[in-house]
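Enquirer: Please put together the full structure from these sequences, using the hints given.
Residue numbers (the working numbering), protein chains in the order written: chain A, 955 to 1187; chain B, 89 to 216.
None of these hints come from the bench; they were simulated from the model. A few of these clues could be false.
[What the hints assert, rightly or not] Derived DSBU-like pairs (lysine-lysine); straight-line CA-CA distance at most 35 Å:
| hint | chain 1 | residue 1 | chain 2 | residue 2 |
| --- | --- | --- | --- | --- |
| 1 | B | Lys182 | A | Lys1144 |
| 2 | A | Lys1049 | A | Lys957 |
| 3 | A | Lys1139 | B | Lys182 |
| 4 | A | Lys1139 | A | Lys1098 |
| 5 | B | Lys212 | A | Lys1024 |
| 6 | B | Lys182 | A | Lys1052 |
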Amino acid sequence: MKKVAFKILRFDSERDPQPHWENYEVELEPTDRVLDGIEAIKGRLDGTLALRRSCAHGICGSDAMIINGKNRLACKVLVKSLKQPITIEPMRGFKVLKDLIVDMEPFFAKYRAVTPYLVEKEPRPEKERLQSPQERERFDDTTKCILCGACTTSCPSFWSDPDYVGPAAIVQAHRFLFDSRDQGKEERLKVMNDKEGVWRCRTVFNCVEACPRGINVTRAIGEVKQAIAKGKV
Amino acid sequence: MAETNAYGTRSKPSGGVELYAWIFMRASGLLLLFLALGHLFIMHVFNSIHVIDYDFVAARYLNFFWRGYDLVMLWLALIHGLNGLRTILDDYLKGFARDTAVRMLYVIGISFLVLGTYAIIAFKPVGG
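Expert: The structure is reproduced here in structure tokens:
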């Protein structure tokens, strides 16, 4: 066990006029993750520290935050890989409710706007809809999204314009647009073909760097742009 | 444009001219690469800048090909640049400031476009 130093940006929207930094030190194994450190702080030092976490294994996407200046999942970063003090901030571009908890509702409103499910227009077939391995491969990368918000909150276009639909919603649109079984492409492309849709993307590539799932987000956005330009997928 | 109901919660964007702007930027960028490089080589490499004077340009403009060349380059470069500035203004400004800045940009841009087009088309050599 070794002492590990943390510096966390604290803010209670009901009490504090401004956010402020707090320093903490907890005993951790070098192989512990940042999430373990934050939970140790919450458990042993300051119970008022607020954060979201659920599965703690990089799947649920609830503990995305800024760790040493980069958008990361706290459950996927080892303490030993970071310079100390480890700085922790809430994701940028969302309203902070308390400490590391941000208001994700606008994020999910945009997610819902892209009809993130298979749309059925023709009568349902007798049997399941088959798909070749190649057809499945076409959108494989974007199926990996866990909606953590790391990409959208790393995007300068989103920071400057909260109306921008954002990389995460475009990734979700891509996942269904390029699915051979889906029949709702027209509406989805219409949502994407807007100033606040894909055209707000300036190919900054921050989203690619931020994605904890290794999705090539900018490529997906580029493919959606091309699909709109061609008028079909 | 769909309405904005609250901070960052505009739900369903739809439609727009941005697609055409995007295609134009790529197409004009590609064409300008050749047009501008061609211009650069003719004016600064193949001909010394000491040779280029009024008579040089006047002689060149007797040929309608060069007038067309310059006209296409003027329109593509100016609109390409205007659209680039528009997207930058869109990124950094909001509401009234954005609208005012973009309108001023259009006024200045269209004035230059008209002025440049007039100069290229109406040019008549004098003296010489």
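Enquirer: Run every hint past the structure and note whether it holds.
Expert: Consistency of the hints with the structure:
Taken as a hint, the lysine 182 of chain B and lysine 1144 of chain A pair is honoured in the structure, with Cα atoms around 24 Å apart against an allowance of 35 Å. For the suggested pair lysine 1049 of chain A and lysine 957 of chain A, the alpha carbons sit about 32 Å apart, so the restraint of at most 35 Å is met. About 31 Å separates the Cα atoms of lysine 1139 of chain A and lysine 182 of chain B, which keeps this hinted pair within 35 Å; it holds. With a C-alpha separation of about 20 Å, the suggested pair lysine 1139 of chain A and lysine 1098 of chain A falls inside the 35 Å cut-off, and the hint holds.
Among the hinted pairs, lysine 212 of chain B with lysine 1024 of chain A is inconsistent with the structure: their alpha-carbon atoms are about 61 Å apart, more than 35 Å. For a cut-off of 35 Å, the pair hint linking lysine 182 of chain B to lysine 1052 of chain A stands: about 28 Å separates their Cα positions.
Hint 5 from the list above is the single one not met by this structure.
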